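Engineer: Use the sequences and the hints to build the structure in full.
The listed protein sequences derive, respectively, from chains U and E.
Read in order, the letters of the first sequence correspond to residues 1 to 570 in UniProt numbering.
Read in order, the letters of the second sequence correspond to residues 1 to 570 in UniProt numbering.
It should be emphasised that the hints constitute simulated quantities derived from the structure, not laboratory data.
Please note that the accuracy of each hint is not assured.
Which copy is meant is left open, because identical chains are indistinguishable; a pair holds if it fits in one copy or across any two.
[To be verified] Pairs of lysine-lysine residues, derived as BS3-like cross-links and limited to a Cα-Cα distance of at most 30 Å, are as follows:
#  : residue 1 : residue 2
1  : 434       : 375
2  : 365       : 434
3  : 479       : 267
4  : 374       : 63
5  : 377       : 63
6  : 375       : 63
7  : 375       : 479
8  : 365       : 63
9  : 375       : 267
10 : 365       : 375
11 : 365       : 479
12 : 479       : 377
13 : 377       : 365
14 : 267       : 374
Since this is a predicted model, take the numbers as computed values, not measurements.
There are 2 protein chains.
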Amino acid sequence: MSRTEPAGTPLGDRFHLYDTTLRDGAQREGISYSIADKFAVARLLDDLGVGFIEGGWPGAMPKDTEFFARAAAGELTLRHAVLVAFGSTRRAGLSVTEDPQVRALLDSQAPVVTLVAKSDVRHIERALRVDVDEACAMVRDTVSFLVSEGRRVFVDAEHFFDGYAHDPDTALRVIDAAGQAGADVVVLCDTNGGQLPLGIAETVREVADRTGLRLGIHCQDDTGCAVANSIAAVQAGATHVQCTANGYGERAGNADLFVVAGNLVAKLGMPVLPEGRAAELTRTAHALAEIANIAPDTHQAYVGASAFAHKAGLHASAIKVDPLLYNHIDPAVVGNDMRVLVTEMAGRASLELKGAQLGVDLADKPEAASSALKKVKALEAEGWSFEAADASLELLLRAEADDVPVEAPFRLESYRVVLEHRVDGEVVSEATVKVHVGGERVIATAEGNGPVHALDAALRQALRGHLSWLDSVELADYKVRILAGKPGTDAVTRVLVESSDGERTWTTVGVHANIVEASWMALCDALVHKSLRMRDANDADTATQVADTTAQAADTAAQVARGADASASR
Amino acid sequence: MSRTEPAGTPLGDRFHLYDTTLRDGAQREGISYSIADKFAVARLLDDLGVGFIEGGWPGAMPKDTEFFARAAAGELTLRHAVLVAFGSTRRAGLSVTEDPQVRALLDSQAPVVTLVAKSDVRHIERALRVDVDEACAMVRDTVSFLVSEGRRVFVDAEHFFDGYAHDPDTALRVIDAAGQAGADVVVLCDTNGGQLPLGIAETVREVADRTGLRLGIHCQDDTGCAVANSIAAVQAGATHVQCTANGYGERAGNADLFVVAGNLVAKLGMPVLPEGRAAELTRTAHALAEIANIAPDTHQAYVGASAFAHKAGLHASAIKVDPLLYNHIDPAVVGNDMRVLVTEMAGRASLELKGAQLGVDLADKPEAASSALKKVKALEAEGWSFEAADASLELLLRAEADDVPVEAPFRLESYRVVLEHRVDGEVVSEATVKVHVGGERVIATAEGNGPVHALDAALRQALRGHLSWLDSVELADYKVRILAGKPGTDAVTRVLVESSDGERTWTTVGVHANIVEASWMALCDALVHKSLRMRDANDADTATQVADTTAQAADTAAQVARGADASASR
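Structural biologist: Here it is, written out as structure tokens:
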């Protein structure tokens, strides 16, 4: 049997950060993890340093049974976390040794088992259809059996808060049975999510006093208070907190692991993650959103892209005085960044700050800054948004500020895209582009899965041979947003394209009534931006050779690269 | 001067539900309200029954100045709410009567003014650059002046919680100055959003005891606790709570009006809205998301489309016993619905429940149910999602369960879409469809703003004259989601189309590597679904005539219509 205690955190076993993304989180509408996804999620959570990872319900879900079998066969090695199997107490009227579901929990070879047990008399009598004596026996038998087989056992007391409010004696009998049978932690679950923090704190304190059990907390977000309820429970004495990545879960979701961890570390000063790992919270949150295939919540506390973004002109100028006057923590603590947004509400001060972040100095060029601000505002009025498209914004700012004008490496003459749904049902897309590049006029035609793919393929075919770096640039992500038009006019489409050259990523934007034209704009900006970076790098090289100021030019190049990385990291 | 107290709520002026969507909410990244938008927001909030609507900052933002001018000229009549102008105390070293910003507050003619005042000594000294005496004088002078001019004044004590923790005497001096000068409410603001509920409750209680002032609360969501903090403050004695629609606001946002109101009404039993208006929370939340042009958060507590959605097979079968065992409140209280989701995790029980909601009886047809479940699972594996596309799901279920097969009113032979970016820069889209309808083969060509618009126009042209109801059906919304492909394969596009016939709306889905083909699928399903509803209505009519069972048939038709409305309402 593997170890049953988390490793690497200063608090060791005294405090449990317990993740149930792979079981309770997967109940969220739209999430469907493959087994490969489940391994990827577990590895990211282990890297972050959570104490326990609940992998699923072996025996009930075939995918979960396979997950545990392959994990036990060596496909999953955890450095910090302990793997947990979730399951139910024995069936009513059946001996625990004969219950196939309990057997599957043992067979999973997970060193820790979390058992769910009903603790609300109404659920015991109406859903489970047994009496309280049998409900307690089911808990007692299953816990004892698993403990005797060498497992560490936690018990999730389902519907505990509702049950305790309705009939405290029954609720306490169930959890006492769990404790007496050898469960290490009894987790008080707000299964229906209806609680508020002050009430949670009071109940946790009272139950701790009355039972002396080690208590955990599991909150759902139906009052919008799952994080707050979890933190209140910890302040009231709970030493085990169950969360899911980004709060994924059924209905309104669960307590968000990253926000709970941010609060425990930054607000309560509890080192619940290994040294230095809190700075991985933002990266991990986004990676887990990626695997779940759910757009990250930009306004998520601590780890959202906007969590430290400042829009108001008022604040933007004061931020220059001292960023900590306007941020509740240093964003670096959780691996996030402060951002200044360029919007119609922002003034010159915001745009200059943003330019400096992008490596474009506007501070000494008031006319360029004013002209750039005017253009940004005009484009935003048409539906453009530069908040997520730093590369396009950089092009716009440099066009105003640079002494050497920003030039595109090619010029479009025209394109045509033909899409057909043929009589035989086949769907085909074909694009032809006519471009001028390196002094030549090139015509190229290519097919693709869809119109944008075909257009991208045709453009690449036309430019190949002229741009040495072209093949290094890949389309990493593509997002489409339909913007409602103003009354009487038509909707426009905003396309965001994320490109990558293997070392960095950058985002560009296009807006048009025609989705293909909007995509074309963003694709072109992506290539122009890359060619600009290549020119900057060449300039830096030349400067080095000519003036022999090697160290200084390297600094400049490094600065540019850092600027690019910084802009790419959002 | 208009009235300064909210009307229509049982609590009257004793409790203030105060909305600042139009000022603080508009700081959210991506939001840009036009003046027409601002009027629409204010009317929806007034209909809901909030007590105060902060319209903006006249004098500082030209759009806001115009908003107040047009409101005062009669463009905005509020039944329940009082309109509030937000502004700042007088400038340092300037007489209040000479301050143009204060003058603009008077000129706005808003009966209530909320003044922001710095209450953290660090902000007073470092951002405002005055001493505490002058800061207090600025508060005192401005409040007194506005009160003497007949205004009701609230004071937002900015950064109060941070300031009180750092230097309680200064924080209390500022708010005492506000109270003594005649401010009716002093609003304690967690401007940087770093607080937690237990701390908020303690501070609010302490400040109430030490000052005797009427206190309000304004929370930001940087710890993910804005709602919980607001509720904790109310439990500790605050009688005025500032929120924004859907929690819109800078960084992680503000306290969400709809979730706060849900908690106050359903958890604390406080009638903060006029009789019967809580049931408008869900509708209002979605309408305000629409105006902000931000996709509603499906997992929002109380009002999200998934807030009462159940996925787990375990729960879905138990829900049949008693829905309230698995919902923290009756969803109807806040105008929401319980939903059962059709997903790979769901079994037959969920699909039957869902079918019943859609008016398709699968309970007595086990083979049809199994076959439908198999199809749903296979399609979901390809990227289809029926969770948001009830109309497509209904078509699928009826194809399995109906005795009379579901037939499309037309059949596609082929289509072709041509998109051109011409030499002169013009972008054109043209579509040709060949369809069989009413025994004829029809070819039609149309232009559009983009490929989908052109295709929709060509199809409508082909079908016009054959389908009497065609012109009543409009494309109400169109959403695109790019789904990351599995490794080595290409991305697919999921399109959701919302259609409306003026009476009801319905949503259909299409999935394909080609966005135009995916859109085509969803557009076709939308028309098939409408034709099915027309057939059902005709059947009901015929039944009435033939069997003379008028009352019963009307019931059936009404049931069908109710089913449609229910499915359309999500």
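Engineer: Can you give me the call for residue 374 and residue 63, within, between, both or neither, at a CA distance of at most 30 Å?
Structural biologist: Only across copies: residue 374 and residue 63 sit 17 Å apart there, 55 Å inside one copy, limit 30 Å.
Engineer: Checking an output row: residue 365 and residue 479, CA cutoff 30 Å. Within, between, both or neither?
Structural biologist: neither (34 Å within a copy, 42 Å between copies)
Engineer: My question is about residue 375 and residue 63: at a cut-off of 30 Å on alpha-carbon distance, are they close within one copy, between copies, both, or neither?
Structural biologist: between (53 Å within a copy, 19 Å between copies)
Engineer: Taking 30 Å as the upper bound on the Cα-Cα distance, should residue 377 and residue 63 be classified as within, between, both, or neither?
Structural biologist: Between copies, since 14 Å is at most 30 Å while 51 Å is not.
Engineer: Using 30 Å as the alpha-carbon threshold, which applies to residue 434 and residue 375: within, between, both, or neither?
Structural biologist: within (29 Å within a copy, 45 Å between copies)
Engineer: Classify it for me, residue 365 with residue 63: is the Cα-Cα distance of at most 30 Å met within a copy, between copies, both or neither?
Structural biologist: between (60 Å within a copy, 28 Å between copies)
Engineer: At most 30 Å between CA atoms: does that hold for residue 365 and residue 434 within a copy, between copies, both, or neither?
Structural biologist: neither (38 Å within a copy, 59 Å between copies)
Engineer: Given a CA cutoff of 30 Å, do residue 365 and residue 375 count as a within-copy pair, a between-copy pair, both, or neither?
Structural biologist: Close inside one copy (16 Å), not across copies (63 Å); limit 30 Å.
Engineer: Please sort residue 479 with residue 377 into within, between, both or neither, judging by C-alpha distance up to 30 Å.
Structural biologist: both (22 Å within a copy, 26 Å between copies)
Engineer: With 30 Å as the alpha-carbon cut-off, assign the pair residue 375 and residue 267 to within, between, both or neither.
Structural biologist: Close neither inside one copy (42 Å) nor across copies (49 Å); limit 30 Å.
Engineer: Pop the pair residue 377 and residue 365 into one bin, within, between, both or neither, using alpha-carbon distances up to 30 Å.
Structural biologist: For residue 377 and residue 365, only the intra-copy Cα distance (18 Å) is at most 30 Å; the inter-copy one is 60 Å.
Engineer: Could you place residue 267 and residue 374 in one of the four classes (within, between, both, neither) given a Cα distance threshold of 30 Å?
Structural biologist: Classified as neither: same-chain Cα gap 41 Å, cross-chain 49 Å, threshold 30 Å.
Checked against the numbered hints above, the structure breaks hints 2, 3, 9, 11 and 14 and satisfies the rest.
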